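Chains as they are written, first to last, in the numbering used here: chain A, 1 to 195; chain B, 1 to 182.
FYI, nobody ran anything at the bench for these hints, they're computed from the structure. No experiment lies behind these values; they were computed from the predicted model shown. Beta carbons: idealized from backbone N, C-alpha and C, even for Gly. Be a bit skeptical, because a hint or two may be false.
Claimed, not checked - Here are the simulated distance ranges between beta carbons:
1. B:51 x A:145: 36 to 46 Å
2. B:177 x A:145: 47 to 57 Å
3. B:122 x A:195: 44 to 54 Å
4. A:186 x B:21: 48 to 58 Å
5. B:42 x A:195: 49 to 59 Å
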Amino acid sequence: MSSKKNLSEFTKGIIRENPVIGMMLGLCSVLAISNEVRNAIGMGIAMTFVLLGSNISVSLLRRSIPKRVRIPVFLVIIGSLTTIVDLVMAAYAPAIHRNLGIFIPLIVVNCIIIARAEAFASKNTLLAAVIDALGMGIGYTLVLFVIATIREASGNGSFLGMRLFTFEPVLIMVLPPGAFITIGLLMAVVRSIKK
Amino acid sequence: MKEIIKISVYLSMICIIAGISLSITNYFTTKKIVLQKIKSEEAGLKEVLPNAFRFESMDSSSKKGFDQSGNITGYVLKIRATGYSGEIVALVGIDRDFKIMGVKILTQNETPGLGAKIIEKNFLAQFIGKPSEKIFLKMDNKDGEIDAITSATISSRAITNGIRRIIDEFKEKLERVYKRNY
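Based on the provided sequences and hints, a complete structural model is requested.
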């Protein structure tokens, strides 16, 4: 595989096929977690790690997995990796772990990961799977970061907990409707640029 | 038939590997997780009862605090109140005259930007130094000295009433069970 192709596998996750604003996958956790930049970064890292681990395992096992039970196998792999991330975060980053709460265990059912396992890692080499996972993970984290920055700044007047403005913030932006509004606007902007 | 066996063996292998890696992770993180929990609990106790040096459990929801020479300096009580969206768990530290020394919210799921402001210093500082008779929202009782957070009356009321009730209950329990021999 040429390095040019590798680069394009990497960047596709960030812009062209971005899991959140391109393919609109895994929106549940994006909506819920994006009210604070700190949580967004924590979630992005956890997600990228699980994605990387699952893509690596699936790609290594791709020749041996029986076709008929591939989905259960993917789920066992993803479930174990998620539990590992959950335990490690509880041990070493308890504050973020407490904030992310239920959304870490819910990575198991996040469709981005199973989509990459099924659509990409099970058909490609280890290197390509790693590049794909990194691209998708970074793409996910970036979008989450942008949404969280917009929401935290406008809805709470702060960035990473640091005060930015003194005026009364637009409260609705940190509430659930703010998530829909921000994602919608972001999608519109990205699509109009892509055209 | 042959395929079924092959599939079952494969799935079992995958599950065994997953199980082993999970138990290894668990083995290495359990101790650390328990330590973190104890640490954050202790920090919370010290925060609400700053003059205590050592703590001792009385029952599931209350702890005695001692200073360095072993005198009781006060008590820490655990509150479970129902807020606007789910349970609020908090610690309140009181001195031997049942005046509030400090309040700390441990867990809450109130609305960010509204009810979630109950964790902020501006709100919690109002409780400090007050006896339970004054722990009412100003709008609820003329003796009340607590200002509710704007547009978050339910959350403010939940925590305020929770604190008052637990202190009153505790006072009564001390008199009844320990006959004030504490």
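Here's how the hints hold up against the structure:
no., hint, verdict
1, B:51 x A:145: 36 to 46 Å, "holds, 43 Å"
2, B:177 x A:145: 47 to 57 Å, "holds, 54 Å"
3, B:122 x A:195: 44 to 54 Å, "holds, 48 Å"
4, A:186 x B:21: 48 to 58 Å, "violated, 37 Å"
5, B:42 x A:195: 49 to 59 Å, "holds, 57 Å"
The earlier numbered hint that this structure contradicts is number 4, and it is the only one.
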